[in-house]
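Taken in order, these protein sequences are the chains called A and B.
Numbering-wise (this note's numbering), the first sequence opens with residue 1 and increments by one.
Numbering-wise (this note's numbering), the second sequence opens with residue 1 and increments by one.
A portion of the hints provided could be inaccurate.
Repeated chains share a single entry, so a pair holds when one copy, or any two copies, can fit it.
As a list, the in silico DSSO-like pairs of lysine-lysine whose alpha-carbon atoms are at most 30 Å apart [what the hints assert, rightly or not]:
{"#": "1", "residue 1": "K58", "residue 2": "K293"}
{"#": "2", "residue 1": "K53", "residue 2": "K469"}
{"#": "3", "residue 1": "K378", "residue 2": "K293"}
{"#": "4", "residue 1": "K378", "residue 2": "K58"}
{"#": "5", "residue 1": "K378", "residue 2": "K469"}
{"#": "6", "residue 1": "K57", "residue 2": "K135"}
{"#": "7", "residue 1": "K378", "residue 2": "K7"}
{"#": "8", "residue 1": "K378", "residue 2": "K197"}
{"#": "9", "residue 1": "K53", "residue 2": "K135"}
{"#": "10", "residue 1": "K378", "residue 2": "K53"}
{"#": "11", "residue 1": "K174", "residue 2": "K197"}
{"#": "12", "residue 1": "K57", "residue 2": "K293"}
{"#": "13", "residue 1": "K293", "residue 2": "K135"}
{"#": "14", "residue 1": "K57", "residue 2": "K378"}
{"#": "15", "residue 1": "K58", "residue 2": "K135"}
Because the hints were derived from the structure by calculation, they are not lab data.
Since we're looking at a predicted model, the values are computed, not measured.
Number of protein chains: 2
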Amino acid sequence: MDLDSLKSSEESLDPQDWQALRRLGHRMLDDMFDYLQDVRQRPAWQPIPAGVKRELKKPLPQEPHPVEEIYADFVNQILPYPLGNIHPRFWGWVIGTGSATGMLAEMLAAGMNPNAFGGEQIAALVESQVIDWCKEMLSYPAGASGVLVSGASVANLVCLAVARNSESGYDIRKQGLQGAEKRFTLYASTETHSCIKRAVELLGLGDEALRMVSVNADYQINLVELQECIAADRSIGLQPICVIGNAGTVNTGAFDDLEALAGICQREELWFHVDGAFGSLAAISPSLSVLVKGMERADSLALDLHKWMYMPYEIACVLVRDPLAHRNTFAENPHYLARAERGLASGSMWYSELSPQLSRGFRALKAWFLFQEHGIQKYARLIEQNVAQASYLASLVDDSPFLERLAPAPLNIVCFRYNPGTVDEALLTRLNQELLIRLYESGIAAPSSTTLAGRYAIRVANTNHRSRKEDFDLLVETVVGIGRQLESEYKEQRLPNI
Amino acid sequence: MDLDSLKSSEESLDPQDWQALRRLGHRMLDDMFDYLQDVRQRPAWQPIPAGVKRELKKPLPQEPHPVEEIYADFVNQILPYPLGNIHPRFWGWVIGTGSATGMLAEMLAAGMNPNAFGGEQIAALVESQVIDWCKEMLSYPAGASGVLVSGASVANLVCLAVARNSESGYDIRKQGLQGAEKRFTLYASTETHSCIKRAVELLGLGDEALRMVSVNADYQINLVELQECIAADRSIGLQPICVIGNAGTVNTGAFDDLEALAGICQREELWFHVDGAFGSLAAISPSLSVLVKGMERADSLALDLHKWMYMPYEIACVLVRDPLAHRNTFAENPHYLARAERGLASGSMWYSELSPQLSRGFRALKAWFLFQEHGIQKYARLIEQNVAQASYLASLVDDSPFLERLAPAPLNIVCFRYNPGTVDEALLTRLNQELLIRLYESGIAAPSSTTLAGRYAIRVANTNHRSRKEDFDLLVETVVGIGRQLESEYKEQRLPNI
Numbered sequence: 001m002d003l004d005s006l007k008s009s010e011e012s013l014d015p016q017d018w019q020a021l022r023r024l025g026h027r028m029l030d031d032m033f034d035y036l037q038d039v040r041q042r043p044a045w046q047p048i049p050a051g052v053k054r055e056l057k058k059p060l061p062q063e064p065h066p067v068e069e070i071y072a073d074f075v076n077q078i079l080p081y082p083l084g085n086i087h088p089r090f091w092g093w094v095i096g097t098g099s100a101t102g103m104l105a106e107m108l109a110a111g112m113n114p115n116a117f118g119g120e121q122i123a124a125l126v127e128s129q130v131i132d133w134c135k136e137m138l139s140y141p142a143g144a145s146g147v148l149v150s151g152a153s154v155a156n157l158v159c160l161a162v163a164r165n166s167e168s169g170y171d172i173r174k175q176g177l178q179g180a181e182k183r184f185t186l187y188a189s190t191e192t193h194s195c196i197k198r199a200v201e202l203l204g205l206g207d208e209a210l211r212m213v214s215v216n217a218d219y220q221i222n223l224v225e226l227q228e229c230i231a232a233d234r235s236i237g238l239q240p241i242c243v244i245g246n247a248g249t250v251n252t253g254a255f256d257d258l259e260a261l262a263g264i265c266q267r268e269e270l271w272f273h274v275d276g277a278f279g280s281l282a283a284i285s286p287s288l289s290v291l292v293k294g295m296e297r298a299d300s301l302a303l304d305l306h307k308w309m310y311m312p313y314e315i316a317c318v319l320v321r322d323p324l325a326h327r328n329t330f331a332e333n334p335h336y337l338a339r340a341e342r343g344l345a346s347g348s349m350w351y352s353e354l355s356p357q358l359s360r361g362f363r364a365l366k367a368w369f370l371f372q373e374h375g376i377q378k379y380a381r382l383i384e385q386n387v388a389q390a391s392y393l394a395s396l397v398d399d400s401p402f403l404e405r406l407a408p409a410p411l412n413i414v415c416f417r418y419n420p421g422t423v424d425e426a427l428l429t430r431l432n433q434e435l436l437i438r439l440y441e442s443g444i445a446a447p448s449s450t451t452l453a454g455r456y457a458i459r460v461a462n463t464n465h466r467s468r469k470e471d472f473d474l475l476v477e478t479v480v481g482i483g484r485q486l487e488s489e490y491k492e493q494r495l496p497n498i
Numbered sequence: 001m002d003l004d005s006l007k008s009s010e011e012s013l014d015p016q017d018w019q020a021l022r023r024l025g026h027r028m029l030d031d032m033f034d035y036l037q038d039v040r041q042r043p044a045w046q047p048i049p050a051g052v053k054r055e056l057k058k059p060l061p062q063e064p065h066p067v068e069e070i071y072a073d074f075v076n077q078i079l080p081y082p083l084g085n086i087h088p089r090f091w092g093w094v095i096g097t098g099s100a101t102g103m104l105a106e107m108l109a110a111g112m113n114p115n116a117f118g119g120e121q122i123a124a125l126v127e128s129q130v131i132d133w134c135k136e137m138l139s140y141p142a143g144a145s146g147v148l149v150s151g152a153s154v155a156n157l158v159c160l161a162v163a164r165n166s167e168s169g170y171d172i173r174k175q176g177l178q179g180a181e182k183r184f185t186l187y188a189s190t191e192t193h194s195c196i197k198r199a200v201e202l203l204g205l206g207d208e209a210l211r212m213v214s215v216n217a218d219y220q221i222n223l224v225e226l227q228e229c230i231a232a233d234r235s236i237g238l239q240p241i242c243v244i245g246n247a248g249t250v251n252t253g254a255f256d257d258l259e260a261l262a263g264i265c266q267r268e269e270l271w272f273h274v275d276g277a278f279g280s281l282a283a284i285s286p287s288l289s290v291l292v293k294g295m296e297r298a299d300s301l302a303l304d305l306h307k308w309m310y311m312p313y314e315i316a317c318v319l320v321r322d323p324l325a326h327r328n329t330f331a332e333n334p335h336y337l338a339r340a341e342r343g344l345a346s347g348s349m350w351y352s353e354l355s356p357q358l359s360r361g362f363r364a365l366k367a368w369f370l371f372q373e374h375g376i377q378k379y380a381r382l383i384e385q386n387v388a389q390a391s392y393l394a395s396l397v398d399d400s401p402f403l404e405r406l407a408p409a410p411l412n413i414v415c416f417r418y419n420p421g422t423v424d425e426a427l428l429t430r431l432n433q434e435l436l437i438r439l440y441e442s443g444i445a446a447p448s449s450t451t452l453a454g455r456y457a458i459r460v461a462n463t464n465h466r467s468r469k470e471d472f473d474l475l476v477e478t479v480v481g482i483g484r485q486l487e488s489e490y491k492e493q494r495l496p497n498i
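Put together the whole structure using the sequences plus the hints.
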């Protein structure tokens with residue numbers, strides 16, 4: 001571009017007609033409020049028509065396109081086909097629900113659009129406040145270090161990176177794992193979430209380093225086996241560094257005995273990490289907090305706020321007891337990130353030094369809004385409500401002649417299957433797989449599945465603030481109805497793949 | 001909670017008064033439109049008053065708080081004190097600007113609030129479309145694998161993880177780095193961004209494994225030294241695995257000779273990764289694309305969309321030539337993530353298998369909106385505009401008797417300092433440090449700083465779609481004015497810390 005012609009040709013991405021875009025924004029907002037208010041009237045899930053998939057696919061746009069038309073495509077092609085997790089009868093995996101205020105806060109954050117990496121800016125102070133609230137609600141030490149990240153997978157990765165670096169006993173940032181004298185080992189139960197395995201792999205420790213300890217009938221880590229395993233590893237020259245405790249396992253919502261694990265880690269001088277993705281929130285409920293006794297002794301803790309605090313994606317929190325260990329794992333000080341005593345490059349909180357992210361959005365803002373909007377006591381009641389609803393579902397399952405519960409339900413997760421009274425395990429698996437698909441296709445409800453001791457289970461994980469008692473009645477009624485239908489199709493041999 | 005009392009006590013996080021929240025939402029939207037429209041009238045940055053910092057700090061909220069009051073606090077305590085990167089004269093670090101439509105798209109995404117981990121849901125299809133557009137605009141192979149992540153730091157981490165695992169030659173996920181026979185090495189120039197070092201550390205490879213190759217006068221990697229370094233490492237029994245090329249360095253916007261690096265990697269059988277955080281976007285401009293020649297041959301590529309595509313935080317893209325290598329680095333298949341042929345758990349795109357994140361927000365939606373709203377040709381013009389503006393600034397610096405340019409400005413970054421004609425380097429550093437702080441405090445403009453060959457530089461990185469030619473005139477005028485003021489204070493010894 002010719003410099004002389006620069007000014008006359010200058011353009012920006014701001015709208016040419018601010019009023020028109022503002023009007024469209026108000027229409028979008030109204031549509032989304034309708035969408036949230038009416039969610040109970042829509043199916044929990046529906047398949048995406050092949051035609052929509054075709055229409056969605058477009059070559060790289062070359063020329064500007066009216067934003068009203070893009071929005072029309074959004075309304076027709078995107079809005080009707082979500083995962084479904086804002087629906088009152090969505091209970092798949094462990095997925096939060098979001099809220100209208102959360103949506104508004106995300107709009108504000110995207111309008112301000114700071115890069116919350118550090119410096120003297122308000123986003124850093126808001127993040128600091130949210131992290132302080134997380135510590136306070138979990139009874140975690142006030143002097144601990146924290147950072148908000150995308151989710152528990154990354155939170156666990158961050159914590160295990162700090163554990164690895166702190167416990168290695170040499171300059172592992174410089175020399176890497178290939179500079180180690182001994183091989184490192186970590187310990188967790190077989191019920192531990194796969195993100196722990198993925199973190200261990202990413203950190204270069206290797207799966208073999210992650211010792212999977214068996215669980216008892218309540219799906220809690222076997223403490224005797226854990227200690228035997230640590231001793232055996234030491235005896236063959238390995239270097240144990242970390243035990244991972246579960247506050248709420250993904251399969252059944254089980255809690256390891258965190259107090260016992262804290263004691264073992266203290267005696268054995270190991271890093272004690274707790275994966276509390278959703279279960280750590282039990283701490284805020286007077287009736288459930290006994291489940292997480294000992295969690296406050298953890299060296300590091302990972303929790304999601306987009307699961308059992310129902311905030312919009314993405315937001316999770318890392319807490320590390322030793323702030324220096326946390327910072328020493330991630331801080332870099334290149335010239336282009338130099339600090340100053342005053343001005344924009346001052347400020348005491350550089351969150352870019354506490355996780356793999358340098359550029360960071362303002363995810364703290366929604367949490368700042370939502371903690372205040374509801375207050376922690378309401379969150380506690382909702383968590384208790386979800387647990388009571390799960391107990392209610394467990395009782396419905398137990399009372400039904402057609403349903404079989406497959407695991408204890410100590411928290412908010414219920415695993416069960418339709419079983420008309422056969423012992424043919426392969427048949428039961430195929431039957432329940434088809435049943436779950438038809439349940440999805442009915443649009444009535446959306447649990448997910450797992451396999452427990454070889455048995456395929458329909459798995460309801462309730463981190464849904466919109467669910468009501470009647471929703472679980474409808475679930476059971478529908479599951480039994482589909483199950484009986486499948487049985488009759490099976491008997492009439494109209495069901496080739498069962 | 002008593003199960004019988006469950007129904008009567010049930011509550012949710014939905015507003016008790018939907019109409020009131022809807023009205024507040026419309027007010028927020030209007031306020032944010034005003035905020036964006038008037039941004040040029042506000043200071044580029046202003047310090048946070050101590051009183052605001054005090055007021056912001058609160059104990060964990062116990063009881064619900066009216067959302068109107070929370071919003072009032074937001075307006076008074078948060079909105080006025082951002083980093084400043086949406087302002088037309090913010091040019092610090094490499095930080096994008098955002099846009100009004102981007103803000104609206106983020107609201108829609110947070111309202112739908114899917115977890116875009118996988119399954120049969122529209123968010124996966126939208127993400128697939130955005131990734132296809134990224135490949136097309138960068139002339140990267142259509143068969144490549146891709147995933148959207150938080151930023152280039154994580155994108156580079158993902159790419160280097162794939163490089164490490166693919167090139168190791170054994171089952172590194174299982175055995176870890178301690179199972180390697182030889183020590184691995186990677187190669188990059190001394191101008192490479194610190195996130196590469198951080199990724200190498202996190203992956204357990206150790207800093208020592210990252211060979212920092214010197215640069216020429218244009219801040220490009222020294223190709224002869226690179227090849228000598230690879231050969232020397234091989235000769236002492238090390239195992240080179242990867243070369244990292246820069247498409248736009250953070251200090252000066254330099255481009256390594258990517259075509260030459262691609263050739264070296266081909267001959268040496270090394271993984272070729274390109275960090276194209278912002279510079280890769282040169283590919284979309286007919287006049288700049290020559291700079292990234294050879295980038296399309298990379299085995300992996302990291303780019304941000306929240307930098308030089310000006311999208312709201314957070315959004316970046318990973319591209320990996322070999323889809324299987326990408327998937328094999330991250331995929332886990334626990335029972336609770338089982339797939340199905342139909343229903344919610346079907347679908348062919350499981351983005352949770354392509355990065356450390358399992359839970360994932362709908363970051364693709366804003367990109368889907370913005371690619372279409374503007375079209376790639378407008379993005380190309382804006383990038384060219386930013387480069388022309390940087391050239392204009394460089395010419396102003398070169399024409400000023402008080403300013404000294406400290407590096408070539410091949411792209412959008414200009415490094416310079418105020419220099420009244422002294423050779424006292426220590427004095428120049430202190431003078432320019434104070435000058436930059438006073439520039440911030442003036443509210444006029446917000447560049448950042450770096451150090452080049454020991455010389456402290458004010459660094460203007462222009463990834464700002466709102467900047468105009470006149471903004472650079474004002475910058476130079478202000479810098480010279482502050483500089484002359486500092487000189488006179490210095491002469492009168494009124495400036496103790498210079």
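For each hint, the structure was consulted:
no.	hint	verdict
1	K58 x K293	between (54 Å within a copy, 26 Å between copies)
2	K53 x K469	neither (36 Å within a copy, 44 Å between copies)
3	K378 x K293	within (21 Å within a copy, 57 Å between copies)
4	K378 x K58	between (45 Å within a copy, 18 Å between copies)
5	K378 x K469	within (18 Å within a copy, 53 Å between copies)
6	K57 x K135	between (45 Å within a copy, 14 Å between copies)
7	K378 x K7	between (56 Å within a copy, 16 Å between copies)
8	K378 x K197	neither (34 Å within a copy, 44 Å between copies)
9	K53 x K135	between (44 Å within a copy, 20 Å between copies)
10	K378 x K53	between (41 Å within a copy, 27 Å between copies)
11	K174 x K197	both (24 Å within a copy, 10 Å between copies)
12	K57 x K293	between (51 Å within a copy, 28 Å between copies)
13	K293 x K135	within (15 Å within a copy, 50 Å between copies)
14	K57 x K378	between (44 Å within a copy, 21 Å between copies)
15	K58 x K135	between (47 Å within a copy, 13 Å between copies)
Hint compliance for this structure: hints 2 and 8 are not met, and every other hint is.
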